[in-house]
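**Student:** Listed below are the residues making up each chain.
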Amino acid sequence: MNDSFVRTICPYCGTGCGLILRVRDGAAVECLPDRDHPVSRGHLCIKGWYAHEFIHHPERLTTPLVREGERFRPVSWKEAIALAAERLRGTAEKYGGNAVGGLSSAKCTNEENYLFQKLIRAAFGTNNVDHCARLCHAPTTVAMARSLGSGAMTNSIEHLARAGCIVMIGSNAAESHPIIMGEIYRAVDGGATLIVVDPRKTAAAENARIHLAIRPGTDIPLVCGMMRHIIDSGLHNGSFIGERMEGFEDLRAFLSDWTVERAARESGISEAALREAAETFARAREGAVVYCMGITQHACGTANVFALCDLAMLCGHVGREGSGIYPLRGQNNVQGACDMGALPNVYPGYQAVGDPAVRDKFRKAWGRDLSDRPGLTVTEMIGAAGEDIRALYIMAENPALSDPDVNHVLERLPALDFLVVQDIFLTETARLAHLVLPGACYAEKTGTFTNTERRFQLLRKAVDPPGDAEDDFSILCRLGGALGLDFPYRNPGEVMEEIAALAPAYGGIRHGRLEKAGIQWPCPNTEHPGTAFLHKDRFTRGKGLFVSPDHVPPRESPDGDYPFWLSTGRMFAHYHTGTMTRRSAFLNREQEEPYVEIHPEDARKLTLEDGDPIRITSRRGSIVTTARVTGRVARGSLFAPFHFTEARANRLTNPVLDPLSKIPEFKACAARVEKIRA
Amino acid sequence: MNAEKNKQGLQGGEKKGKAGAPSPKILVFACRWCGGIGAGRAGWKRMDLPVSFRVIPVECAALVEPDAIFRALASGIDGVAVLGCHIGGCRYNEANHAALKRLELVKVLLDTAGIGGRRLLLAFGTAHEDHQFAEVIRNFHEFIGKEPSLKPWLGAGEDIFLRREE
Amino acid sequence: MMTISHKSMEEIRIKARELLEKKDADGVLALRRGEEAVVAPHVFREPGEIGRLVTEPKWPLAKTAMRILQSSPRDFRLAVVVRGCDDRALVELAKRNQVTEENIRFIGLACTEEQAGRCLCERPYPRTIHGGKPQPGVHFLQDERVSSLLEGDPAERMARWAAILRRCIKCYGCRNACPICVCVPCKLEDDVWVEKGSIPAEMLVFHLIRAFHLSDACVACGACQEACPVSIPVMALQFAMRQALKDRYGYEPGLDGARKSPVLKNFLEEPETGKDYPAWITHGGTGHE
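Protein chains in written order, with this note's numbering: chain A, 44 to 721; chain B, 16 to 181; chain C, 219 to 507.
Just so you know, the hints here were simulated from the structure itself, not pulled from any lab data.
Quantities reported herein were computed from a predicted structural model and do not represent experimental measurements.
Even glycine gets a Cβ: it sits at the ideal position worked out from N, Cα and C.
Mixed in with the good hints there might be a few duds.
[What the hints assert, rightly or not] Computed from the model, here is a short list of chain A residues facing chain C with C-beta under 8 Å: (1) Phe48; (2) Arg67; (3) Pro76; (4) Cys88; (5) Trp92; (6) Glu218; (7) Gln634.
The task is simple: from the sequences and hints, build the whole structure.
**Tutor:** What follows is the structure, encoded as structure tokens:
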């Protein structure tokens, strides 16, 4: 009969809101907002308010499971760890270390991600480790690293409230990052102009002064047109460019092909609106570019991000409070998973795998020989399953719903010799595994998450994992030990000490320093208070670099057989593949059924009414879902939230990849709609 | 999804009044005692009444829940009238006292929101004769006709655009 | 952030310690300042812990107190540090049989003038004060944003309300944070009334329904708008109704546990101020003259 209040961090999106769990008799019974939290300040979105509901769900995995035919048999941890070690090591011995791969988790802590990539690299001598950032902000890490020298959000979330003009492009923060949307509205209340660029009339677009409803995949034409107009009008920041930038003349030459007229025509926006948006942004004292999946999830996603960086730097809107480039990271710890090197080409702290000095440092620290060859990405590993990749270790990821062209995923994963999946529920991916390991959720562990503004934040354990489930840190230590690695850590805090010693940007991070408000990296030493915004006097790479963005239209566009644009994304009540939210009563009540948005005129032509069952088909596959007739989506376009396992939007999506960052083009492909007759 | 269909149903079929202008829609809750008798008699006598109102009979005005009034306004109805018995005459233990107090507060909230408490007409004991009913409805109809349509401010999605400087 | 004087915090601590030492209370619900100055709610059980009790920032605890009491044994006595608004909220919850005042020990904290200004609070103090000095309170129309929504041309105001409410992200924060919103089932979760699965939650149905359900119970604690991530001044919907209740019936929610809402009673028991009603109103008349 004891109530306690545990301060922790919300497990859903990258905002990293403070969450207080009220715990009674060992169960988390309620969520309360943390009024003392520097980011969320007493606010929560609907998902945060109900982030306790799935914790004690009866379907939680409570014991390791081994598959026998169609069924799973509970086994002891001893057996499970031994099996995993034996099969993974066996695969490496038979086919070489590069036949083993690991998908780390953007939901797990920094410490767990660090241990995961260390395990894969040290035990198997491969760099085949990646995670779902590949599907969301890989273009950000690649492009911003090149243009600015650092692939992370340049500012803090609260700085948005100080912007005078916010260009929100390819982001529906009102549904995906609601607390950040609140900061944007604070800016608007202070007089800022909000410009939303989105083919759909999202809630954010409805509340914007200017909504540019571009054609799908025409971000580069729009932004180039804006830049061209800014330069032609003399509104670019000459002194900033002169002192702090390189490559302006190349960009200017490149833009000679992009007249405002051409930009407007290709993007489907009026010239007047394009000019107005450009001028408003350029003229603002503080200008912010906020972006998300609508920019990154394209076959030219990396180039899209280059374009946005160019726009911001052209106007000198980087390196101050308010101004900046704000990629909104999706998962609660996707920033951290990247920072911790769960990526095939870098170690923790973005130190290149191919750099001999770096490799030497890690080799000494870990006591194992390491590969200098960059590894495979998520989509490549799954694509090669059964061939180049024989064994996969997947920690808290659900590619059976989240990867593009899931029909293909569902064919490939069973071709593996050995698949071990570690998660808190028996997800669609876990069902395909040979071995399932029951992990712990955010409320059952300590460790750190890093939010989208680079803030390391401490989690506090509120309740115990159910049954024999263990926190992922412990599982990784056991498995590492079984693979012959030295994982002597008594607690995640000790892992953080090791991380700090190997990655200079996080050199000053210690659990003991994170109690109050967390710390934003870079934080090179334990005296350093952390960094609220980057690129103040110099860019991380020295001078900022203008990179000309080559436009590639969506690789598949509507035609006679598939006359609709199809885009996929999110809605406010659910999170990603629904593993947690669809097991939360309140959230599931809010949206129980899958749906696809279709415009009223298109619905009329198909004699469809709101709520009718429909079949959506693309060249990859087909789903049966429900029609939501709404003017939010444009004529000739469909929008499918991907949260619903019974109508997986990713059966339809195009697995074509951006060549630079290997992200799939989730945001644009072609589909057709058929009414289902009763 | 139900709400969507309901909205479409109620917003569709705009009837035209005189001179072709769309006739404002009025919803009347009438208690089956004082409130409804006048309405019934006005109907039998085929009195001259504006075409666009509907009467929902209720056992007592106290059963009219304010939520239904908000919902009515959200569905495209322009004015709501609640007809009940005069203050001494409620058959159900002065339930109309509570109803009147409550509905007066609804007017306050409608005023707060700028929608206007005057869109809610309360006639407790003043519409129980047929000619009284007809006069009340005619006057209300004329008043509502002069009020700006609520349609631009309703809900979100589809046709609802609030300010947008295009 | 404003700091209440150290003195009033000490006064509160003295009272809290006393209740625990004398075993007049089984626990004290208040804010605790942990390591590195982090503040969070806490149920203090031992007098020795009280050194960590703090009274800033403003953190409405009435609803949490109710939830704790509802899942505790019947004889559990919970002391709660209450500002004026928490005090009033618990009185209203008691009227609705959600808590019994016998199980509550009120430790009253009077707010500073600055806090009253931030909350636009007309009565920034509880019924019994153990810490702080009662300040006069402010009128809500003092705030420019509020007055622009409550005074002036109705059509303009409706446009303003509609524009602000269109930001609503349907987080249910206002409902969840409100100490009076305890109904199970809640109408706002019923899709006959409120459309599911889309934002914004609509002005007329979601927000006005909630506002009216609170019409005679809102204690003006501001928890609703403090919980709103998109800065909707939710509480401003209530001000005029609260004023009407004061003007018409001399009624303010949360001041008197024995007086139920005047809206529930007839005109003779709860007459409108300044109006005379003949006695026959409740005793006679067939309704037809």
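**Student:** Taking the earlier hints as the rules, which of them does this structure contradict?
**Tutor:** Per hint list: zero violations.
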